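Protein chains: 2
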Amino acid sequence: MKTELERVLPMDIEARSFGIITEELKGKEFPEEYGPIIKRVIHTTADFDYADNLFFSEGVLEKALDAIRKGADIVTDTQMAKAGINKKVLAKFGGQVHNFMADEDVAAAARAQGTTRAAACMDKAAKLTKPLIFAIGNAPTALVRLYELMQEELIKPELIIGVPVGFVNVVQSKELILATDAPYIVARGRKGGSNVAAAVCNALLYLLDETRTGK
Amino acid sequence: MKTELERVLPMDIEARSFGIITEELKGKEFPEEYGPIIKRVIHTTADFDYADNLFFSEGVLEKALDAIRKGADIVTDTQMAKAGINKKVLAKFGGQVHNFMADEDVAAAARAQGTTRAAACMDKAAKLTKPLIFAIGNAPTALVRLYELMQEELIKPELIIGVPVGFVNVVQSKELILATDAPYIVARGRKGGSNVAAAVCNALLYLLDETRTGK
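For the protein sequence lines, the chains are V and U, in the order given. Using numbering that gives the first Met the number 0, you'd call the opening residue of the first sequence number 0 and step up by one each time. Using numbering that gives the first Met the number 0, you'd call the opening residue of the second sequence number 0 and step up by one each time.
Excised from the complex, chain V in its bound form (with noise of 0.2 Å):
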């Protein structure tokens, strides 16, 4: 068990971080492309499984490059995803962060339909008229409602984020996601949570932010 403090300057903590990350990571295979995504979800979680679990559409990292350069808007099923995502930097694109959970429409909505907040939100946000990223970290009801309103072509997100964690219809909503032709970034199985899709979400805008490391 180490117990001394190392001397890090502040500045230096996260590349120093990303640089242990890196090294632990040898000898898995991914897409170097995707590493930048991979390796700052394990940033925030110190869980190696995500080199395992994270799975990306054809494409995708282009396509979400794209979507946030022309300004797209994020759309996020927790107050704590929209917390953690870097809004100065979505900003700079013209983008921003939107979180319809505590909304009263959404709320009697939700009583009306006999579903989740969450899902209702998703009907919410499909009246916006942006190109719009969908960060889903914690309720899969969210993203089976996504997917209903993409089957019913009511909306069609430039980029799904899937990773909601836990035990009900986890699994079986993310695996809805990927048999789909939408862009997506789907963390596979129980794991996930709003801290990793705020992650991803962190890992796309950097890689368009020449100030920061990570990448």
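One thing to keep in mind: the hints can contain errors.
Copies of one chain are not kept apart here, so a pair can be met inside one copy or by any two copies together.
What the hints assert, rightly or not - Calculated pairs, DSBU-like style, for lysine-lysine (alpha carbon to alpha carbon, straight line, at most 35 Å):
{"#": "1", "residue 1": "Lys-123", "residue 2": "Lys-86"}
{"#": "2", "residue 1": "Lys-155", "residue 2": "Lys-126"}
{"#": "3", "residue 1": "Lys-123", "residue 2": "Lys-91"}
{"#": "4", "residue 1": "Lys-129", "residue 2": "Lys-87"}
{"#": "5", "residue 1": "Lys-86", "residue 2": "Lys-126"}
{"#": "6", "residue 1": "Lys-155", "residue 2": "Lys-91"}
{"#": "7", "residue 1": "Lys-69", "residue 2": "Lys-87"}
{"#": "8", "residue 1": "Lys-25", "residue 2": "Lys-87"}
{"#": "9", "residue 1": "Lys-87", "residue 2": "Lys-126"}
{"#": "10", "residue 1": "Lys-86", "residue 2": "Lys-129"}
{"#": "11", "residue 1": "Lys-123", "residue 2": "Lys-87"}
{"#": "12", "residue 1": "Lys-69", "residue 2": "Lys-123"}
No wet-lab data here; the hints were simulated from the structure. Since the model is a prediction, treat every value here as computed from it, not as a measurement.
Based on the hints, put chain U in the right spot on chain V.
Same frame as chain V, now just chain U:
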């Protein structure tokens, strides 16, 4: 791979999740009183490692619940942890959540002292006069500074939730806290996170809130 969606009413999802977690924890040994905390952290991460790496100081549960009952505030090291804590339930007992990361005086103090903003936040928190619970899910530098402030008798936390995540001084910062007499809940090792910090807070809050499941 399960593909068929399980039919579960929105209000029953959490209870069903906790049922699955309880089932899969069979055979793991931990004091029953800590079950609600361990299970809620697993609920938040889908990571059963937390059944082994959460450490509790003697009598911490009663001390933590007493602190909440008497209106303790919670100090976090990220906006994300603050976003994840159930502030409505905390307010029932007279508590609120503080996070100073975006404060101009904190940024200035960090620059002047060559430390992180998270560490400077602890100095600011030390000036609060209410009983305090610290929920540190991100920055080991915050935990180290908290330790120093305790050594200097400038602060006496009611509870330290020491669950920063990462690769630089994270392990060491937690060992510092484990060696104190302070009431603590610590995720030993590299794992943790803002989501874990919030989950521990919520587990404690829900133990005091009759209306909640997951106990």
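Right, here's what the structure says about each hint:
no., hint, verdict
1, Lys-123 - Lys-86, "both (21 Å within a copy, 25 Å between copies)"
2, Lys-155 - Lys-126, "within (11 Å within a copy, 50 Å between copies)"
3, Lys-123 - Lys-91, "both (25 Å within a copy, 31 Å between copies)"
4, Lys-129 - Lys-87, "both (18 Å within a copy, 33 Å between copies)"
5, Lys-86 - Lys-126, "both (22 Å within a copy, 30 Å between copies)"
6, Lys-155 - Lys-91, "within (23 Å within a copy, 42 Å between copies)"
7, Lys-69 - Lys-87, "within (16 Å within a copy, 38 Å between copies)"
8, Lys-25 - Lys-87, "within (33 Å within a copy, 45 Å between copies)"
9, Lys-87 - Lys-126, "both (24 Å within a copy, 30 Å between copies)"
10, Lys-86 - Lys-129, "both (17 Å within a copy, 32 Å between copies)"
11, Lys-123 - Lys-87, "both (24 Å within a copy, 25 Å between copies)"
12, Lys-69 - Lys-123, "within (22 Å within a copy, 40 Å between copies)"
Every hint, counting from the list given before, is met by this structure.
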